[in-house]
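Visitor: Protein chains in written order, with my numbering: chain B, 1 to 278; chain X, 1 to 278.
Do not rely on the hints blindly, as some may be mistaken.
Stated by the list, open to error - Which chain B residues stay away from chain X? Per the calculated CB distances, all over 12 angstroms, these: (1) I5; (2) E96; (3) R124; (4) T143; (5) V175; (6) P176; (7) V177; (8) G183; (9) V185; (10) D241; (11) K266.
Unchecked claim - Covered by chain B, according to a simulated footprint, are these stretches of chain X (three or more residues, beta-carbon under 8 angstroms): (12) 13-26; (13) 73-81; (14) 145-155; (15) 235-246; (16) 251-257.
Said to hold, decoys possible - In silico lysine-lysine, DSBU-like type, Cα no more than 30 angstroms apart, as pairs: (17) X:K18 x B:K246; (18) B:K29 x X:K263; (19) B:K56 x X:K18; (20) B:K111 x X:K18.
These are calculated hints, taken from the structure and not from any lab test.
The C-beta atom is built at its ideal place from N, Cα and C for all residues, glycine as well.
Number of protein chains: 2
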Amino acid sequence: MTANIEILSVGNELLIGKIPNTNAQWMAKRLTTLGLNVRRITTISDDIAEISNAVKEAITRQPAFLVTTGGLGPTFDDKTLEGIAKALNTSCEVNEEALRIVEEKYKTYAKERELEKIELTPARVKMAKIPKGAKPLPNTVGTAPGVTIKHDKTTIVALPGVPPEMKAIFEESLVPVLKKLAGDVTFFETSLGVSGLMESDLATIIDKVMHDNAYVYIKSHPRGQERTPHIELHLSTTAKDSTTAKNRVSRAIIQITDTIQAKGGKITRFKAKKQSNS
Amino acid sequence: MTANIEILSVGNELLIGKIPNTNAQWMAKRLTTLGLNVRRITTISDDIAEISNAVKEAITRQPAFLVTTGGLGPTFDDKTLEGIAKALNTSCEVNEEALRIVEEKYKTYAKERELEKIELTPARVKMAKIPKGAKPLPNTVGTAPGVTIKHDKTTIVALPGVPPEMKAIFEESLVPVLKKLAGDVTFFETSLGVSGLMESDLATIIDKVMHDNAYVYIKSHPRGQERTPHIELHLSTTAKDSTTAKNRVSRAIIQITDTIQAKGGKITRFKAKKQSNS
Numbered sequence: 001m002t003a004n005i006e007i008l009s010v011g012n013e014l015l016i017g018k019i020p021n022t023n024a025q026w027m028a029k030r031l032t033t034l035g036l037n038v039r040r041i042t043t044i045s046d047d048i049a050e051i052s053n054a055v056k057e058a059i060t061r062q063p064a065f066l067v068t069t070g071g072l073g074p075t076f077d078d079k080t081l082e083g084i085a086k087a088l089n090t091s092c093e094v095n096e097e098a099l100r101i102v103e104e105k106y107k108t109y110a111k112e113r114e115l116e117k118i119e120l121t122p123a124r125v126k127m128a129k130i131p132k133g134a135k136p137l138p139n140t141v142g143t144a145p146g147v148t149i150k151h152d153k154t155t156i157v158a159l160p161g162v163p164p165e166m167k168a169i170f171e172e173s174l175v176p177v178l179k180k181l182a183g184d185v186t187f188f189e190t191s192l193g194v195s196g197l198m199e200s201d202l203a204t205i206i207d208k209v210m211h212d213n214a215y216v217y218i219k220s221h222p223r224g225q226e227r228t229p230h231i232e233l234h235l236s237t238t239a240k241d242s243t244t245a246k247n248r249v250s251r252a253i254i255q256i257t258d259t260i261q262a263k264g265g266k267i268t269r270f271k272a273k274k275q276s277n278s
Numbered sequence: 001m002t003a004n005i006e007i008l009s010v011g012n013e014l015l016i017g018k019i020p021n022t023n024a025q026w027m028a029k030r031l032t033t034l035g036l037n038v039r040r041i042t043t044i045s046d047d048i049a050e051i052s053n054a055v056k057e058a059i060t061r062q063p064a065f066l067v068t069t070g071g072l073g074p075t076f077d078d079k080t081l082e083g084i085a086k087a088l089n090t091s092c093e094v095n096e097e098a099l100r101i102v103e104e105k106y107k108t109y110a111k112e113r114e115l116e117k118i119e120l121t122p123a124r125v126k127m128a129k130i131p132k133g134a135k136p137l138p139n140t141v142g143t144a145p146g147v148t149i150k151h152d153k154t155t156i157v158a159l160p161g162v163p164p165e166m167k168a169i170f171e172e173s174l175v176p177v178l179k180k181l182a183g184d185v186t187f188f189e190t191s192l193g194v195s196g197l198m199e200s201d202l203a204t205i206i207d208k209v210m211h212d213n214a215y216v217y218i219k220s221h222p223r224g225q226e227r228t229p230h231i232e233l234h235l236s237t238t239a240k241d242s243t244t245a246k247n248r249v250s251r252a253i254i255q256i257t258d259t260i261q262a263k264g265g266k267i268t269r270f271k272a273k274k275q276s277n278s
């Protein structure tokens, strides 16, 4: 039983389609590779009520982790921590450890700019205001610390939206904990290109092969049109060790390629790609 | 008061981070340009219970439209319509109009391939099985028709996940209705590059300018680090006509660039971009 994780992306820029949600994709891939199950990705606006509602809803589904991205910075529309606090019926206050982290950052920036000091304005202190009971996570790349707080069965982790900062805190503070949670599992995936059969022809073949190969998940992705079919078949599994994972997928590949060729289809491409728990 | 829309993306490939959610981004941008408000984007797996729960939750928020992408095809894991039916306490059945659409498609494909006929297998008929009370939307690019069904205050629209098919049905069947819903509104956005000021310095400037310019939304996106700051400022508004929208944003730009320069910041880039209701 793999642990469930939810991702909550906060940011108006995502809801107006200004940028693609590459943070969620990066994290989903990384979590899957670690052997965890990303159950839901939700994107909402920089609005305290929206954030609070989305956090409350996620908590009722009891994921092991709820990871948010975005909304930790110094500007008025960085509202993620207020939203989380509201969801947990608490409020934000200046956290001493977080304040020390932010202070140190501005001391360094002042030195780099050969200034005597950079004042700790309210906008800067804001980055140290976190929900009561939460802990800051060091940000080795940027300024605003990440934040973690446990509620019921869920550990909520708030990460910045700037990709290098999000990735740094994820790798440094989160991955060690996530590896323990996942245990010793491996995610293994391969993909095949198939031409000469329509996706509607492949449907029954996939059905049969998945039935015969428990634990192997096969999904077809049409790359051309049904009339000039070119299909990508994606096979994946999560197992206790990489030999088991590889064997499972290999058996499914042999069966599915045999059946496809017997029905007049062609295998146009084969890409094996192991992703281990690391 | 602009109408709320929710997007529901269905597909395991999104939750394992295999592909970025470009469908949601495209649609979010298109809806925003039409003058509508995308309130939430949710991504869930190819699982009937997950789809049904996500649809039920969305409906309670009463968006004008709930648009789903993915899961309409012929394979076993195309489960979106079953999930929608479950959420609405109904079931799927073969819809005569949808069946006619699918039949016509395979007649055309058979002709193109110089076959006497392509049999209507259960996998192919599956694409005509839609929730009771729903209507098919013609798919001029691919095979599976889109589907629409009204529930309470929300019109649910299910579109395929293959991008050219999704976009074709969106433009042909949805945009005319969405334009009426939005009325005569224009979305207008511009962005500025700012260097020489930290995001934490800009925070108070943005606050003041947004306070003085109701209806203009300003968001800062750090592009460098707080220590070597380069910030993108994104200004946007939705208004009844493009002159009003442009005037509003222009006034805000003048005030913000004046203040930034007075504080020692530099404007490095200016990109005006009008997006009208078309």
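Visitor: If a hint holds in the structure, say so; if it doesn't, say that too.
Guide: Hint-by-hint comparison with the structure:
| no. | hint | result |
| --- | --- | --- |
| 1 | I5 | violated (10 angstroms) |
| 2 | E96 | holds (20 angstroms) |
| 3 | R124 | violated (5 angstroms) |
| 4 | T143 | violated (4 angstroms) |
| 5 | V175 | holds (15 angstroms) |
| 6 | P176 | holds (20 angstroms) |
| 7 | V177 | holds (19 angstroms) |
| 8 | G183 | holds (19 angstroms) |
| 9 | V185 | holds (14 angstroms) |
| 10 | D241 | holds (20 angstroms) |
| 11 | K266 | holds (15 angstroms) |
| 12 | 13-26 | holds (count 13) |
| 13 | 73-81 | holds (count 5) |
| 14 | 145-155 | violated (count 0) |
| 15 | 235-246 | violated (count 1) |
| 16 | 251-257 | violated (count 0) |
| 17 | X:K18 x B:K246 | holds (19 angstroms) |
| 18 | B:K29 x X:K263 | violated (42 angstroms) |
| 19 | B:K56 x X:K18 | holds (28 angstroms) |
| 20 | B:K111 x X:K18 | violated (43 angstroms) |
When held up to the earlier numbered hints, the structure conflicts with 1, 3, 4, 14, 15, 16, 18, 20 and fits the remainder.
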